[in-house]
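*Asks:* With these hints in hand, go ahead and build the complete structure from the sequences.
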Amino acid sequence: MTITSRFELPPDKQRIYDKVVKLEWLTIAYLVSAIFFIYLTLGSSQAMKAAWLEDLLSLTPPIAFLVASRFRDKQPNDEYPYGYHRSIAIAFLCASIALTLMGIFLMFDSALKLISFEHPSIGTVQPFGEPMWLGWLMIPALLWSAIPALILGRIKLPLAAELHDKVLHADAEMNKADWMTAGAALVGVIGIGIGWWWADAVAALIIAVDVLFDGVKNLRAVVADLMDQRPTAVDHSSIDPLRARVENEMKAMGWVADARARLREEGHVYFGEVLVVPSTQRDLLDNIETAQDHLHALDWKLHELVIMPVRDLEDDQLERAAHADLEEEGEAT
Amino acid sequence: MGPVARILALLVLPALVACGIPRDPEVTLERVTGGTMRVGVTEADPFTILEGDEPTGGVEVLLVEEFADSIDSEIEWITGSEEELFAALEVRELDLVIGGLTSTNPWSAKVTFTHPYLTTFATVGVPEQEQQGEDIAGMEVAVEKGTDLAGLLGETDAEVALVDDIALADGAAAVENWLLDDLGLYDSDVRLKESDHVMAIQLGENDFLTTLERFLLHREDHIESLLDREGAL
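Which chain is which? The protein sequence lines are A and B, in order. Its first residue numbered 1, the first sequence is counted upward by one per residue in the working numbering. Its first residue numbered 1, the second sequence is counted upward by one per residue in the working numbering.
Bear in mind the hints are in silico, worked out from the structure with no lab data behind them. Where a beta carbon is used, it is the ideal one built from N, C-alpha and C, also for glycine. Don't take each hint at face value.
Chain A residues, not near chain B, derived (Cβ > 10 Å throughout) [stated by the list, open to error]: (1) Pro11; (2) Gln14; (3) Leu57; (4) Ile192; (5) Asp235.
Taking beta-carbon pairs under 7 Å as the criterion, some of the chain A residues facing chain B (in silico) [to be verified]: (6) Gly123; (7) Pro131; (8) Gly193.
*Replies:* Okay, here's the thing in structure tokens:
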């Protein structure tokens, strides 16, 4: 058996990928600056703390992306015969869990501040000599954390679809959603300013729910990928029609009586098996080889398909029926 | 609303509400202006000096009196232990607490401390100017017993000499910086501790907080001279 090829992306996609790597470095540099400015103006505002932690956590997808970019093209070997395509899923699993836990923590922390009537105190600072209210400095810090993120997110979103990169997609979504976090924090800070002490904790609560929502969404997505869920679009909104297309292409071949395919995602690309019932066994090996080349040319995402000739597909169905019987028996007892 | 409109809304909103910000949720500043300010005070010479139940002087007592004047407020002094005063401040029965408080005070989660209005330090004072910057290893240094300075000095290489009253000690002594000139000592540059002095107010009364902070931050030189005067032995 041949070992799978290490390269994932065709040259035009690779050019996009190289661009994205630069974008992700830019994202990290920008996020670090946003985190720094918010840290400087943190005060004792819970909403600022929530926005700060959110920015801190939104570092994880670009870092996961860049770490995985070092590993994903590594040569498959005896130990890892499927290559390293999936390294990114592991990084992303960790990030999703961190996000979820942080969301839960922030929710409790903020709710506690709200129900214990904790009034946030924001005093004066002297960054330019004259004393000024720290709240005024929070506003530009939050705007800096919102607007460039929104732009970066909008640039990355279509690239994620083009590269079929789910981590990049989650990253872009988080960047894009950052304006809401910053906006909520901004309302919280202005609330403190006009004497609504509760506005701060309420804003923080909204951010916490957003963080938790992000975490759970990403966690579900990455678990589905690790469970070899059927391939979907990067936003998990639709099923990838490639499987149906592979089956149809196979069935359309003269020597094929029937065919069934299954696919799974490994990082950017798909691996899969195609069971074929040949109508004739003449030139079977040649036919299979031609079919394989044809299928691989259909779409760059079809990275490695194994074509397996079988006598019929009924066995498969019989087996399923047997399983169903067993389950019924199990329920009856 | 498009993204541009949203961004504009974020920019314009602060400008619209810029007047009179920040405000007090519990209207402290409004109440004490032209009214009565309830000030808790606990003794901490030279920051607060009490005779019986009446504060008679000290840097912070004088500053609070000046601050009350500036907003046309009458002071009602309430004396007590630090814990009593903080407990009362937490439930909003006091407006302000003073008594040599520093920014590392563990009550910071329950009450609000102002921006530090003064930073002082404790040092080893040496009798000769030439000894400045010299190693204090093995040097006999006097320190008042039962003080944190005695403990801090114990961690250095100096030979600790415990005394009852630092004013009566001869030679090198571990003292707060405002005592150096009174004792005729020079700063050896050995820092035992630094203290950021603060006052305490209720949580979240940001208008009162910023007004008090502005008052204090504009009086740095005045505060130094008050300390020199009130801190004299």
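*Asks:* If any of the earlier hints don't hold here, list their numbers in rising order.
*Replies:* 4
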